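Chemist: Here's the letter readout for the chains.
Protein chains: 2
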Amino acid sequence: MDFSSFLTSLGTSCVIFVVLVLLFVWLSRKPGNAVVYYPNRILKGMDPFEGGSITRNPFAWIREALSSTEQDIINMSGVDSAVHFVFLTTVLGILVLSGVVLLPVLLPVSATDNSVQTNHTISNGTFNDLDKLAMGHIKEGSSRFWAFLLATYWVSFVAYYLLWKAYNHVSDLRAAALISPEVRAENFAILVRDIPHPPEGQTRKEQVDSYFRTIYPDTFYRSMVVTDNKEVNKIWEELEGYKKKLAHAEAIYADSKKNGKPEGIRPTNKTGCLGLTGKKVDSIEYYNKKINELIPKLEAEQKVTLREKQQGSALVFFNSQLTAASAAQSLHAQMVDKWTIMDAPEPRQHIWTNLHKTFYERQIRQYVVYVFVALTIIFYMIPITFISALTTLVNLEKLLPFLKPVVSMATIKTVLEAYLPQLALIIFLAILPNLLLFLSKAEGIPSVSHAGRAASGKYFYFTVFNVFIGVTIGGSLIASLKSIEKHPNLNSVVTLLATSLPASATFFLTYVALKFFVGYGLELSRIVPLIIYHLKRKYLCKTEAERKEAWAPGDLGLATRVPGDMLIVTIVLCYSVIAPIIIPFGALYFALGWLVLRNQALKVYVPSYESYGRMWPHINVRIVASLLLYQVLMVGYFGIKKFYYAPLLIPLPILSLFFAFVCRKKFYRFFQSTALEIACRELKETPNMEVIFRSFIPPSLSAGKADEEEFEDALSHGVSRSSSFV
Amino acid sequence: MDFSSFLTSLGTSCVIFVVLVLLFVWLSRKPGNAVVYYPNRILKGMDPFEGGSITRNPFAWIREALSSTEQDIINMSGVDSAVHFVFLTTVLGILVLSGVVLLPVLLPVSATDNSVQTNHTISNGTFNDLDKLAMGHIKEGSSRFWAFLLATYWVSFVAYYLLWKAYNHVSDLRAAALISPEVRAENFAILVRDIPHPPEGQTRKEQVDSYFRTIYPDTFYRSMVVTDNKEVNKIWEELEGYKKKLAHAEAIYADSKKNGKPEGIRPTNKTGCLGLTGKKVDSIEYYNKKINELIPKLEAEQKVTLREKQQGSALVFFNSQLTAASAAQSLHAQMVDKWTIMDAPEPRQHIWTNLHKTFYERQIRQYVVYVFVALTIIFYMIPITFISALTTLVNLEKLLPFLKPVVSMATIKTVLEAYLPQLALIIFLAILPNLLLFLSKAEGIPSVSHAGRAASGKYFYFTVFNVFIGVTIGGSLIASLKSIEKHPNLNSVVTLLATSLPASATFFLTYVALKFFVGYGLELSRIVPLIIYHLKRKYLCKTEAERKEAWAPGDLGLATRVPGDMLIVTIVLCYSVIAPIIIPFGALYFALGWLVLRNQALKVYVPSYESYGRMWPHINVRIVASLLLYQVLMVGYFGIKKFYYAPLLIPLPILSLFFAFVCRKKFYRFFQSTALEIACRELKETPNMEVIFRSFIPPSLSAGKADEEEFEDALSHGVSRSSSFV
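So the protein lines, in turn, are chains X and U.
The numbering used here applies: residue 36 is where the first sequence begins, and numbers increase by one.
The numbering used here applies: residue 36 is where the second sequence begins, and numbers increase by one.
Note that these hints are calculated values from the structure, not bench results.
No experiment lies behind these values; they were computed from the predicted model shown.
Where chains are identical, the list cannot tell them apart; a pair therefore holds if satisfied intra-copy or between any two copies.
Derived EDC-like pairs (lysine to aspartate or glutamate); straight-line CA-CA distance at most 20 Å: (1) 344 x 334; (2) 700 x 396; (3) 701 x 372; (4) 373 x 207; (5) 200 x 372; (6) 338 x 275; (7) 700 x 372; (8) 577 x 317; (9) 701 x 396; (10) 373 x 712; (11) 677 x 175.
Take the sequences, apply the hints, and build the full model.
Modeler: Laid out in structure tokens, this is it:
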């Protein structure tokens, strides 16, 4: 790929981005699209167009995004989103502070080195004109490398400083959010697992109650034994399905009354497979009959579930937040594998089916998943290497000869040449997150946010190992395989990686550009959700609930967003000194990302759970991991360049490990458990324990329950119901 | 060393042992020696000779030891001693169960292998006749190794099984001891460290009180701010010294009245350096004057200390054990380096000067100590290697020619040849424990028992690395150094170790025999303390307190006993399959050790602290470490013997790591903190909080305090003193 190809790629991306932004400005001003562009505001009961988005400047959204404070974000989108913005600004800060020093210093230093002949480029496929600006342009052993060595230190120290500040800030954010006087149900509950078999003549409920009433005689409120809800969920879902269908059918009937005959046309459906075969029946009657059949069935199954399907796990409720917070941190039984206790997750993020998993089952599942993921990471390398070789245009022409006439056209050729490998990579990576989320849930993790963090971690290692290392080494791998076989040690792997780094610089430069222009363009304009919403509204939705479902915005998806951004961090950090020209692109990526996401967080996405910044320790450790990779690679690269002071860089990786260790020691525990000085906060109102308790009952069990006496079997009472509001 | 030399060594040891035991039987029956042989009983107010030690069978002590139950040990000597006996019986069990299978199977298998010529011995200095019974006697690649391979598995599985049982048992012992209804002061207190600077206008005491009163409004009792007691301790010690001297002088004066003139001779002393120079004064008057001078000085200093020398650390007392136990396990402040909280150690085992050390100081001290110990471990190897080469008799004759006439005598020569290297080693190791204890205290550990455990761990690694590996490799090291230099990897170290193992078998056989016969003989007979006591009583002691001090028995010294025994465990395990003849010696060591220590624990030693079995996790992990070393060495040794199924042993080390991991996961946390189901135990009496509080005041601060109003400054009050007995 030559320089013009790179410029074309950049130009096209930029044009696409501008088109998408204009589209966004135009579309978002139409009131009919408000539910697509302002769902978060609408759901919070605010005027979608407040602040003048529609009347004044079409770029008012930029002003709004820039002028919004961190507190606005927390109010509109929660602490987790605010923490994500801390991540974006921290990385942006690192890149800007690095760029400010590196660009004016390093570019002239490499450009003015004339000792290397101009036609001698060390990289295959890197554009010759920009090569001059990279570290590869400098002669081996030159004393000009001192500038690069100092630059490596500068980038590292900037990163340490900003990360330390960010960790402090996030910790304060978490503390401020947790100390706020709102009543939060999960603060009054703990999750108890690994309950031993109840003694003879005692039910599980009695066992749990007596255990906790002995230890906490004053503050114990009630317990809720976890049940196996598989059957009752099935019936409940069936029932809900029929209810929706009934509402839909009734809406059609009402419509037909308005539009056609005044008596209306009663909708019909077939009872067989997928509604295509079987007897034709009147829908409203049929669904009503089904619902009436299912309700008693559900009630019977609810009773059976509560009485007979109790499992060795329970939620225990206390009148006092302090007791709950300190109970979750304390050892209760002599053996760790009995009466395991942890903070109860928010009611909305329970993974109910994981709650009852026993200690050993969890441990075994965890290791099985780890091994499986490790194998996947290692063996995905093979297809990725294959794809990155396959998707060069020359290879594609050979393999798919019918594409030749298209591919031969000059413009298309340039565009394809620029984008094909990156596109292949992006699609390839899009398949993964769900697999990893599924695997993380299979570990037996009890909350959605925790599973998200676990999946995010796996995804990060996956992208770094496979994409970054895979693509970088990819080309030169097979050629170098023999040399690795001869000296199979870590040293030669680093050397190999460092050798192949510069050759892949362009690939990643284009990857970053593509990702931010097109990715953020699509993100901002919401073309796909818009089209889907309008299609659904026109052809499928009949009831208000259905329409609401059609525009439901979903959440920010931080679990997959973070590893995607982390890959960019890794790439930009690793190239920051080798080819400093990548820094502005990286900075632009995070600046644009901040702007677009700010808009989306304020107006579009609704967080589906809140973990109060528990993601941050993971982000921090992964940024440090990227930094470590960068430092090790620099040691290798300086070595290749025969710069004999390369060992001066060795303190840096050690410093990074030390930094990660200190951060973990100092900050991490507060992200695991609630500090008691915060748990003893004042509340703005007396908590209604009954409401708190009921918020944890899964919908399939609470459905159709006006009277709560029915819960007696699995859900215990406190000492006295009347005195329970403490 | 030949076979007769070995027998001589064994015989001499045995004779010494028998003589010492007879001495013990004879001496312990004299009532005048009761304070040396039965101090623990006397201090507990029991009749020293109960159970008929004196009247009947002279070996009644053996019957008593054998018939004593675990509960007797706990009553007389505490849980820590009982746990030590679990250690001894577990190791004994491993050795007996291994020996029962290995001896009848492996000895014939090696003895009947005639394929190797009898004069071909693989070891230098191993006795030829016993060589036949070792694994080295079997021809390389022989299928007879299958028996040895299976034996390796048998020993490992026996160890896993018994260790697992023992861990369960110790955990139950700890639980039973902690749940017993005695009131224990330390269960009502927590140790708070890293208290931030108090806000403007608040004293430290007010700060601590308000902090804990906010979090625990119902259960907070009082706090005691840690003070810098250096000055006050100095004055107090001086005062105590003069008090003792005064009592001594008065006793002399009283004696002189009885024996000499009726008016008596008033003792005198000189006031100068060491009582040798200066003016001669009347002792009683002089000491009285000094005491009267010091008492107001002490009181003034106490006031200053309490008011002005408060440090960033405090003991906080609660009315409820449950609150204390759960507070010690919970995070209190947002940052881990503020308001760090842990269980308060027993009052008698506080290391007061370490209490105020801050988080970072502790961390840094810890790592500095680790690095220092690691360096010591590595570089002690050099003198040890040197000594083990030097102490062969031939070398000694060369170096110290004047010894020649003595050494040439046949008997002396044999004895010296048998003992010299072992004696050198034992003396060498005796210097170490105090250094390691000092280093462990320097880490900033707040309790004596914890420092003991830390020192014990260091000592274990020290002995294993230096004694076992050092002595084993010692001889062959220099010769093999070049081969290691060529292939510097772990593999060749294991191979080297495995090659040199058999050659050192005799050395260790003699070492074990010497240690148990002479060591336990001295231990049982208490010759040294007996002589010291009688000398002191005769020439130095005048007052009752001085006499009591002269026979004070001290404690069991488990911190140094355990690593000593662990070295034997390591040696016997490592040789168990290579030279199974070592197993009976090992078993005898632990059986005799059990018997002798049982006697000492019941009658002699008084534990100086109680940690409720916290030593066990360390013992367990170290036995597993020995097992791991043994398994890795066996893989290496089978490899040397060209037995091609050696890789079949590779699962064993992995299994050991897994075993250690599971043990830690399952049991360890209960040894760190008190389980709440145990902390909510019933007490047999209402705790007197005032007594509990006062028990933590260091003697130098509480001395001469009848009225407690004086503590106001550093020691805070609860809400209301009158209602404090809850």
